Amino acid sequence: MGFSSPEDVFTTLRHALVSDPALGGKVGGCLQFVITHTAGPSEWFVDAKAAVVKSEKAAHAQCTITISEADFMAMAAGKLTGMAAFMGGKMKLKGNMGLAQKFNTLIDVARKMDAPAAAAAAAAPAAAPAAVPAEAAGFESARVFAQIGARLGGDPSLLRKVNGVFLFHITGGAGGATSTWTVDAKTDGTVTAGEGAKPDCTITISDANFMAMASGKLTGMAAFMGGKMKLKGNMGLAQKFGALLDSSKSKL
113 MGFSSPEDVF
123 TTLRHALVSD
133 PALGGKVGGC
143 LQFVITHTAG
153 PSEWFVDAKA
163 AVVKSEKAAH
173 AQCTITISEA
183 DFMAMAAGKL
193 TGMAAFMGGK
203 MKLKGNMGLA
213 QKFNTLIDVA
223 RKMDAPAAAA
233 AAAAPAAAPA
243 AVPAEAAGFE
253 SARVFAQIGA
263 RLGGDPSLLR
273 KVNGVFLFHI
283 TGGAGGATST
293 WTVDAKTDGT
303 VTAGEGAKPD
313 CTITISDANF
323 MAMASGKLTG
333 MAAFMGGKMK
343 LKGNMGLAQK
353 FGALLDSSKS
363 KL
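Residue numbers (the working numbering): 113 to 364.
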């Protein structure tokens, strides 16, 4: 399917490092990327050993790589080698040049993850849904969150597609009870009961309306416009949540 942007590439790199701790050891260093384009440069920091990938400038990078967005994407696609980019003046290096060569290891892994991820997930046995926590018992939505966790575990490409952390407040339980869920579709692909990683988007919705959305009987837009769903934070990200639900049933 191919990468669509540098952010796409770095998101996949982050997932590769989190999924395989040994991979970071093969690189064992910190790299700073300066990606140039007409709108101005963007900077990415990669600490391979710590499995940290952030869109920021860091002070402790051991190697700084400056390259245009077009040439970086050509490298990510395997159409341009690092050596050819450097020798042709398309890539500038500062610091540990040997570390830059090791970055090809990460690029190769990211490229392999990108293309077959969906096919591999389809071929692999479906992951078993997680057990429903006691605090979520009695909520129909609990089984949907368990299924979402299984989907994230079985299809790493979803992290790249969604790239966000959601906090759900599910209301309407017995006796006015509520349940809270954190869906991390950004770093480690986990779904946990309670509050976890800092959310990019917080969604408050009743158990009944959440199930109506999950089954496709209620759209996210209708729920929001009708006052059945409250959003806080990145509202655009809420639209991506549909990728985590069964596409044949969800209209989120």
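Hints were generated in silico from the structure; no laboratory data involved.
Please note: incorrect hints may appear among the correct ones.
PhoX-like cross-link-like pairs, simulated, lysine-lysine; straight-line CA separation at most 25 Å [what the hints assert, rightly or not]:
1. K202 with K273
2. K206 with K273
3. K224 with K166
Label-pair restraints from in silico Cβ distances [said to hold, decoys possible]:
4. G201 with A309: 18 to 24 Å
5. A171 with M333: 26 to 32 Å
6. G328 with H149: 24 to 30 Å
7. K204 with D132: 15 to 21 Å
8. N346 with T290: 21 to 27 Å
9. G287 with T150: 31 to 37 Å
10. G114 with A286: 25 to 31 Å
11. D300 with G137: 14 to 20 Å
12. S117 with A320: 34 to 40 Å
Computed from a predicted structure; not experimentally measured.
Glycine included, C-beta positions come from ideal geometry on N, C-alpha and C.
* Checked against the structure, which of the hints given earlier come out wrong? -> The structure breaks hints 1, 2, 4, 5, 6, 7, 9, 10; every other hint is satisfied.
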